[in-house]
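Enquirer: One-letter residues, chain by chain:
Number of protein chains: 2
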Amino acid sequence: MAKKVAVLAVNPVNGAGLFQYLEAFFENEIPYKTFAVADAAQIRTNSGVSLQADDVVANLKGKEDEYDALVFACGDAMPKFGENAGKPFNQDMLAVIKAFDDKGKLLAGHCAAALLFDNLGIGMGKRVALHPFIQSAVKGCIGTDEKAVVEGNIYTAQTENAIPSLLPELLKALK
Amino acid sequence: MAKKVAVLAVNPVNGAGLFQYLEAFFENEIPYKTFAVADAAQIRTNSGVSLQADDVVANLKGKEDEYDALVFACGDAMPKFGENAGKPFNQDMLAVIKAFDDKGKLLAGHCAAALLFDNLGIGMGKRVALHPFIQSAVKGCIGTDEKAVVEGNIYTAQTENAIPSLLPELLKALK
Chain A
35 MAKKVAVLAV NPVNGAGLFQ YLEAFFENEI PYKTFAVADA AQIRTNSGVS LQADDVVANL
95 KGKEDEYDAL VFACGDAMPK FGENAGKPFN QDMLAVIKAF DDKGKLLAGH CAAALLFDNL
155 GIGMGKRVAL HPFIQSAVKG CIGTDEKAVV EGNIYTAQTE NAIPSLLPEL LKALK
Chain B
35 MAKKVAVLAV NPVNGAGLFQ YLEAFFENEI PYKTFAVADA AQIRTNSGVS LQADDVVANL
95 KGKEDEYDAL VFACGDAMPK FGENAGKPFN QDMLAVIKAF DDKGKLLAGH CAAALLFDNL
155 GIGMGKRVAL HPFIQSAVKG CIGTDEKAVV EGNIYTAQTE NAIPSLLPEL LKALK
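Chains A and B are the protein sequences, given in the same order. 209 is the number that our numbering gives the last residue of the first sequence; the numbers go up by one with no jumps. 209 is the number that our numbering gives the last residue of the second sequence; the numbers go up by one with no jumps.
None of these hints come from the bench; they were simulated from the model. Among the hints, a few may not be true.
The list cannot tell twin chains apart, which means a pair is met if one copy fits it or any two copies do.
[What the hints assert, rightly or not] Dumping the calculated DMTMM-like pairs for lysine to aspartate or glutamate here, alpha-carbon to alpha-carbon at most 25 Å:
(1) K181 with E61
(2) K206 with D110
(3) K121 with E185
(4) K173 with E100
(5) K209 with D110
(6) K97 with E117
(7) K132 with D102
(8) K114 with E61
(9) K67 with D110
(10) K181 with D73
(11) K114 with E185
(12) K132 with E117
(13) K206 with D135
(14) K181 with E117
(15) K181 with E203
(16) K209 with E185
(17) K114 with E63
(18) K137 with E61
(19) K67 with D102
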């Protein structure tokens, strides 16, 4: 039976990244629910298009057991993450990511996903794909310049342009 | 100076296709406006996410001169196009595509875009990329099995997965 996926979308989110996951899940009949990393479910893409997530990340907290996997869809919110890290929705996001890993569930994401995982002590000693600009910023994970890396429960892609390299293995794991 | 692009989004639209164009335009500072091929500007992706276009295609009709290029973002509306062809928004879409071509403007799109062009008598004798299932359905255009084809003012990609092959030339033409 297909696994159920929770998809985190930051605000703003890179629409090309987000929808490469969502359309692939839809076409492969993998159930998913989208959660805005924001105070409200209505967020926007980097490109300025307003879209409606299914819910907000606060409502995913404590309900991690309802899902088999977590996908982190990166976006232009992330370069400013440092100055917004204390906001409740970002704290909720970090708690949710940590809970999924603690429960041994699949974690996937592109761009800055691996840096978030690394900051949370997730994926220690595991190789990851991430944006070239932050390749050396990961401390416990092993930053690579590969397009996509799967190691254990961690599925990472370098940028949204590398998601096609990650999807075959991700879909296989979720079907 | 960057050219201005009108982007047509059918309802439902493939989000991975639509946002590969939009995020690339955004990152390359190419101005664009999105038009829903629908009665209202709020449409949804194949994957079920509600999103807000800037306007509806009816309001693009007659204003083609304000833009330099037209992009057709395909989606699950198209397999049912035949039964909905008479609806005003689809008639407006066809009129808009024809007007852009009549004025010699750039036309781009993936999947069924080339079939729409072909049905309108656009791109006669020109090679096009289009979904493999409809490769033999084009009559005046020359259907190919290439990922992306640029010929004259016609820029086509096979599917949303082939847009990365089309984008470099499309962006060069629009910058």
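Enquirer: Taking the hints in turn, state whether each one holds.
Expert: Now the hints, each set against the structure:
1. Taking the shortest Cα distances, K181 and E61 sit within 25 Å of each other both inside one copy (23 Å) and across copies (20 Å).
2. For a Cα distance limit of 25 Å, the shortest separation of K206 from D110 across copies, 24 Å, qualifies, whereas the shortest one inside one copy, 29 Å, does not.
3. In this homomeric assembly, K121 and E185 never come within 25 Å of each other (Cα to Cα): the closest approach is 31 Å inside a single copy and 50 Å across copies.
4. Taking the shortest alpha-carbon separations for K173 and E100, neither the intra-copy value of 31 Å nor the inter-copy value of 51 Å comes in at or below 25 Å.
5. Taking the closest pair of Cα atoms, K209 and D110 come within 25 Å of each other only across two copies (22 Å); inside a single copy the shortest separation is 30 Å, beyond that limit.
6. When the C-alpha separation of K97 and E117 is checked against a cutoff of 25 Å, the pair qualifies neither within a copy, at 27 Å, nor between copies, at 43 Å.
7. In the homo-oligomer, the alpha carbons of K132 and D102 lie at most 25 Å apart inside one protomer (14 Å), although the nearest pairing across protomers, at 48 Å, exceeds that limit.
8. For the homomeric pair K114 and E61, the shortest alpha-carbon distance between copies (17 Å) is at most 25 Å, but the shortest distance inside one copy (33 Å) is not.
9. For the identical chains of this complex, K67 and D110 are neighbours both inside a copy (21 Å) and across copies (20 Å), given an alpha-carbon limit of 25 Å.
10. Within a single copy, K181 and D73 get their C-alpha atoms no closer than 32 Å, and across copies no closer than 41 Å, so neither meets the 25 Å cut-off.
11. Neither within a single protomer nor between protomers do K114 and E185 lie at most 25 Å apart by alpha-carbon distance, with minima of 28 Å and 42 Å respectively.
12. Taking the shortest alpha-carbon separations for K132 and E117, only the intra-copy value of 21 Å comes in at or below 25 Å, while the best inter-copy value is 49 Å.
13. For the homomeric pair K206 and D135, the shortest alpha-carbon distance inside one copy (19 Å) is at most 25 Å, but the shortest distance between copies (43 Å) is not.
14. Taking CA atoms no more than 25 Å apart as the test, K181 paired with E117 passes in neither setting, with 28 Å inside one copy and 42 Å between copies.
15. Proximity of K181 to E203 under the C-alpha cut-off of 25 Å is found in both arrangements, the shortest distances being 13 Å within a copy and 23 Å between copies.
16. When the C-alpha separation of K209 and E185 is checked against a cutoff of 25 Å, the pair qualifies only within one copy, where the shortest distance is 18 Å, while the shortest distance between copies is 40 Å.
17. In this assembly of identical chains, the alpha carbons of K114 and E63 lie at most 25 Å apart only when taken from different copies (20 Å versus 34 Å within one copy).
18. Taking the shortest alpha-carbon separations for K137 and E61, neither the intra-copy value of 27 Å nor the inter-copy value of 37 Å comes in at or below 25 Å.
19. In the homo-oligomer, the alpha carbons of K67 and D102 lie at most 25 Å apart inside one protomer (12 Å), although the nearest pairing across protomers, at 38 Å, exceeds that limit.
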